[in-house]
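4 protein chains.
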Amino acid sequence: MLKVTVWNENRHEQKNPVVRDIYPQGIHGTIADFLKTEGFDTRTATLDEPEHGLTDDVLNNTDVLVWWGHLAHSEVKDEIVQKVKERVLDGMGLIVLHSGHFSKIFKTLMGTSCDLKWREAGEKERIWVVSPSHPITEGLPEYIEIENEEMYGEHFDIPQPDELIFMSWFEGGEVFRSGCTYKRGNGKVFYFRPGHETYPTYHHKQVQRVIINAVKWAKPVKRERPVYGNAKPLEEIKGGK
Amino acid sequence: MLKVTVWNENRHEQKNPVVRDIYPQGIHGTIADFLKTEGFDTRTATLDEPEHGLTDDVLNNTDVLVWWGHLAHSEVKDEIVQKVKERVLDGMGLIVLHSGHFSKIFKTLMGTSCDLKWREAGEKERIWVVSPSHPITEGLPEYIEIENEEMYGEHFDIPQPDELIFMSWFEGGEVFRSGCTYKRGNGKVFYFRPGHETYPTYHHKQVQRVIINAVKWAKPVKRERPVYGNAKPLEEIKGGK
Amino acid sequence: MLKVTVWNENRHEQKNPVVRDIYPQGIHGTIADFLKTEGFDTRTATLDEPEHGLTDDVLNNTDVLVWWGHLAHSEVKDEIVQKVKERVLDGMGLIVLHSGHFSKIFKTLMGTSCDLKWREAGEKERIWVVSPSHPITEGLPEYIEIENEEMYGEHFDIPQPDELIFMSWFEGGEVFRSGCTYKRGNGKVFYFRPGHETYPTYHHKQVQRVIINAVKWAKPVKRERPVYGNAKPLEEIKGGK
Amino acid sequence: MLKVTVWNENRHEQKNPVVRDIYPQGIHGTIADFLKTEGFDTRTATLDEPEHGLTDDVLNNTDVLVWWGHLAHSEVKDEIVQKVKERVLDGMGLIVLHSGHFSKIFKTLMGTSCDLKWREAGEKERIWVVSPSHPITEGLPEYIEIENEEMYGEHFDIPQPDELIFMSWFEGGEVFRSGCTYKRGNGKVFYFRPGHETYPTYHHKQVQRVIINAVKWAKPVKRERPVYGNAKPLEEIKGGK
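Listed in order, the protein sequences are those of chains F, B, R and G. Quick note: the first sequence uses UniProt numbering, first residue 1, plus one each step. Quick note: the second sequence uses UniProt numbering, first residue 1, plus one each step. Quick note: the third sequence uses UniProt numbering, first residue 1, plus one each step. Quick note: the fourth sequence uses UniProt numbering, first residue 1, plus one each step.
Worth flagging that the hints you see were computed from the coordinates, not collected in a lab. Remember, predicted model here, so these are calculated numbers, not experimental data. Each hint should be verified, as a subset may be incorrect.
Here are the computed distance ranges between Cβ atoms for each label pair [claimed, not checked]: (1) G/L71 with R/N16: 49 to 55 Å; (2) B/E120 with R/N230: 33 to 39 Å; (3) B/P141 with F/G229: 30 to 36 Å; (4) F/K222 with R/Y228: 36 to 42 Å.
In the PhoX-like style, the derived pairs of lysine-lysine whose C-alpha atoms are separated by at most 25 Å in a straight line are [as the list claims (entries may be wrong)]: (5) F/K77 with F/K104; (6) G/K183 with B/K183; (7) G/K83 with R/K104; (8) F/K219 with G/K222; (9) G/K77 with F/K183; (10) F/K183 with F/K238; (11) R/K241 with G/K15; (12) G/K104 with R/K77; (13) G/K15 with R/K104; (14) R/K77 with G/K83; (15) B/K219 with R/K3; (16) F/K77 with F/K183; (17) R/K219 with B/K3; (18) G/K77 with R/K104; (19) F/K104 with F/K3.
Cβ atoms here follow ideal geometry from the backbone N, Cα and C, with glycine treated the same way.
Working from the sequences, and respecting the hints, build out all of it.
Here's what the structure looks like:
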């Protein structure tokens with residue numbers, strides 16, 4: 001059974017009754033619920049727990065980590081970010097949601113600023129599938145329509161995705177690369193755009209479907225990890241000097 | 001005229017007479033020489049200069065930066081690495097050579113460990129062109145043969161290259177992705193494998209040709225930089241909330 | 001001096017006075033004009049000329065071929081398509097415009113149906129730059145706005161582009177991958193979306209800038225072509241059988 | 001249960017006792033055996049059956065098609081190739097083995113010549129994993145060693161793979177991109193190099209593991225297929241003309 005940990009900074013939910021009304025158990029609670037229903041062995045972790053809830057034991061027992069953060073990216077400790085990064089390079093899948101584009105973990109895995117345009121106007125977003133053979137699109141229609149969302153617009157300062165799965169249309173005139181896969185070391189990373197805290201985006205069945213599919217796609221590969229460093233020759237070297 | 005800065009840690013040349021004999025003016029001196037001959041406005045910078053020779057003035061007047069480092073990656077100051085990174089994201093080209101795979105600047109732009117297998121046995125390397133339409137291959141034969149080189153072997157822990165240009169065959173039985181392009185922000189990055197300090201690799205005409213071609217390819221694009229942050233709508237938003 | 005041939009089926013211009021008014025010398029005439037002004041050695045060729053104007057002599061003296069077709073894709077002779085394909089694989093650049101997505105030459109180079117959604121409603125198109133380091137974006141603002149265009153919408157059935165340069169937003173709610181690069185053999189291919197015949201799109205300065213940049217980018221690499229077939233070993237084989 | 005069809009031209013087995021000794025039930029029989037053992041619903045089809053064994057009924061009931069051909073590529077009927085292509089674009093996975101690089105189906109899906117260097121000297125091949133997070137590498141060591149194989153060398157005239165999984169080292173001095181994935185329409189394609197008919201390559205457990213993994217990876221996505229053609233607007237168009 002796949003082991004999933006849903007991490008959330010869990011701050012908007014404490015401060016803003018609008019958010020708390022939409023997500024009474026926190027964004028992490030809602031996400032964990034539909035992942036459990038899908039049959040994954042799911043737990044949650046939040047910023048204010050010791051070690052942000054991401055102890056060695058938790059990380060070593062996580063196949064796929066889901067990440068939501070926004071207000072408090074800078075409060076996430078560098079040593080925890082470093083541990084998460086090492087786990088990704090070791091094979092753990094990572095699903096970065098919405099404002100997680102600016103999290104330390106995403107930026108350090110991308111190597112770019114991860115900056116973008118944004119606007120909170122509750123406008124319509126239409127998320128189009130552009131890679132119809134990809135397992136992350138299983139069960140989805142041609143597009144996902146979200147009635148009210150924050151806008152994220154290009155240029156999105158990310159490396160060219162290994163695979164571009166979704167592209168968003170926004171009512172206000174922008175477009176965005178909304179579903180992007182990357183490989184890093186032995187691990188797989190998926191960025192998925194929607195999910196502003198003041199809208200019920202994670203209650204949307206098709207958004208849930210994407211996250212469920214992404215968890216399956218991101219699971220670690222079972223094999224010995226590559227060996228690095230000094231290596232004896234596998235064949236005789238004749239003319240070496 | 002393209003402005004090129006060749007950066008070298010310049011330590012092997014001080015310590016090891018073998019290296020000094022091959023590169024009497026330092027690895028940077030040899031590389032700068034053939035770049036000047038090609039008509040680029042070329043200067044050099046080294047680790048032990050103030051700010052490692054990479055002052056704001058130098059960086060702001062550099063179109064393409066060539067980087068060679070090995071022994072002293074850890075001595076490169078984080079604030080200089082950060083400035084170089086910002087210049088790359090702003091458009092400066094970056095050519096990372098050989099052991100530069102473990103430099104701070106390459107690792108932070110890649111987001112991975114950049115680790116690999118290696119062996120100093122002076123074995124034969126044959127660098128095959130696999131992307132024959134790429135301008136970095138201009139003027140090259142089907143492969144470049146280097147009689148004696150250090151081996152670098154897979155797995156090379158880098159993100160999937162945007163373009164894979166060269167693949168190496170090694171006498172001892174390994175292969176390696178030897179020429180890799182990446183885009184980062186407004187800048188372009190090229191990693192090129194050969195160049196162990198105890199062999200005369202940078203005197204090899206075809207190796208020089210690759211670096212010259214890469215400098216031309218990596219030059220900045222002339223246009224306004226993207227604007228990030230809060231954005232007014234370009235179209236009327238009807239149903240927003 | 002780069003040698004460019006602009007190919008056009010040149011049928012709408014004969015049948016439809018609206019098109020003839022916008023392009024009195026044909027779409028090919030307008031495109032050739034701004035390419036000449038840029039300094040390219042430019043000629044035109046059209047469907048109704050012998051061999052569609054693409055004789056061996058013309059093709060062998062073309063560095064980059066620009067292609068516009070729509071009504072009469074099926075009238076383009078298979079043997080001419082085959083010759084163009086061989087020239088692309090040999091190094092000639094190919095710029096495919098708008099409805100050329102359904103041309104025989106584009107489909108045979110892509111291997112897919114190249115199908116898409118479309119609508120002629122004269123709606124607004126906004127073409128966003130998503131690869132700001134790419135030379136095809138030189139001199140461009142963040143987006144190109146076209147007041148009236150035909151809509152092309154996803155899913156666009158193409159292989160994943162080697163590089164995605166532009167993404168379009170359409171007033172009617174769709175998005176599209178509008179600028180896509182591919183490498184095929186020794187040649188480079190660029191698909192660029194806008195250019196419906198009843199709108200003055202190729203008089204738009206920024207659209208012209210994209211095509212000029214693309215011609216420069218697509219020029220052939222100067223080197224010996226790869227050798228295929230039976231190959232003698234470069235190293236001694238010990239245990240072969 | 002995944003439905004797999006293994007297609008083989010099955011000619012070498014009829015003509016050459018060496019091949020018949022290695023593969024008494026044909027190459028297809030050996031491949032089908034280990035796929036059945038893995039639990040796939042597996043059948044075989046060969047060139048000399050009516051419609052090459054690839055009737056509409058067979059194709060419509062195939063999730064993943066495995067293809068081995070060599071001597072008789074030209075005997076495969078164009079209309080069958082066209083049907084296979086349409087099934088791939090509709091979602092069927094396709095695994096192309098070894099000399100299948102020159103099959104009509106692979107060439108039409110790639111859009112290039114698919115040419116390469118080759119040599120039959122029974123030399124050693126070492127197939128290195130370069131994408132350790134990819135499910136096709138599950139259960140594999142760092143490299144697969146094959147004592148005697150035909151050599152295939154670069155330049156391999158294919159489009160840049162979406163994902164490069166394996167790279168081969170050959171005793172005679174060449175390298176090759178040995179494991180390449182592509183997406184085409186709703187389907188996934190994997191090319192895997194080894195498998196010359198006079199060596200027992202498909203009895204090699206790790207080679208079998210790659211093919212098993214590839215079948216799993218290539219299975220169709222369950223969703224409605226994209227709709228193409230004329231499309232009504234999803235949003236009101238104001239200024240259209």
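Now the hints, each set against the structure:
1. About 53 Å separates the C-beta atoms of G/L71 and R/N16, a value consistent with the hinted range of 49 to 55 Å.
2. In this structure the supplied range 33 to 39 Å holds for B/E120 paired with R/N230, their Cβ-Cβ distance being about 36 Å.
3. Separation of B/P141 from F/G229 is about 33 Å and conforms to the stated range, judged on CB atoms against 30 to 36 Å.
4. The hinted window of 36 to 42 Å between F/K222 and R/Y228 holds, with their beta carbons roughly 38 Å apart.
5. For the hint pairing F/K77 with F/K104, the CA-to-CA distance comes to about 9 Å; that is within 25 Å, so the pair holds.
6. In summary, the hint linking G/K183 to B/K183 is supported, as the alpha carbons are separated by about 23 Å, within the 25 Å threshold.
7. Our distance criterion of 25 Å between C-alpha atoms is met by G/K83 and R/K104, whose separation comes to about 18 Å.
8. The suggested pairing of F/K219 with G/K222 holds, with an alpha-carbon distance near 19 Å, which does not exceed 25 Å.
9. Between G/K77 and F/K183 the alpha-carbon distance is near 40 Å, which puts this suggested pair outside the 25 Å criterion.
10. For the hint linking F/K183 to F/K238, the alpha-carbon distance of about 37 Å lies beyond 25 Å, and the restraint is violated.
11. The suggested pairing of R/K241 with G/K15 holds, with an alpha-carbon distance near 20 Å, which does not exceed 25 Å.
12. The straight-line distance between the Cα atoms of G/K104 and R/K77 is roughly 21 Å, inside the 25 Å bound, and the hint therefore holds.
13. Simply put, G/K15 and R/K104 have alpha-carbon atoms about 39 Å apart, too far for the 25 Å limit, and the pair is violated.
14. A threshold of 25 Å between alpha carbons decides the hint, and for R/K77 with G/K83 the separation of about 23 Å falls inside it, so the pair holds.
15. At roughly 24 Å between alpha-carbon atoms, B/K219 and R/K3 fall within 25 Å of each other, so this suggested pair holds.
16. Taken as a hint, the F/K77 and F/K183 pair is honoured in the structure, with Cα atoms around 24 Å apart against an allowance of 25 Å.
17. Pair hint R/K219 plus B/K3 holds up; C-alpha atoms about 24 Å apart against a cutoff of 25 Å.
18. Pair hint G/K77 plus R/K104 holds up; C-alpha atoms about 21 Å apart against a cutoff of 25 Å.
19. At roughly 23 Å between alpha-carbon atoms, F/K104 and F/K3 fall within 25 Å of each other, so this suggested pair holds.
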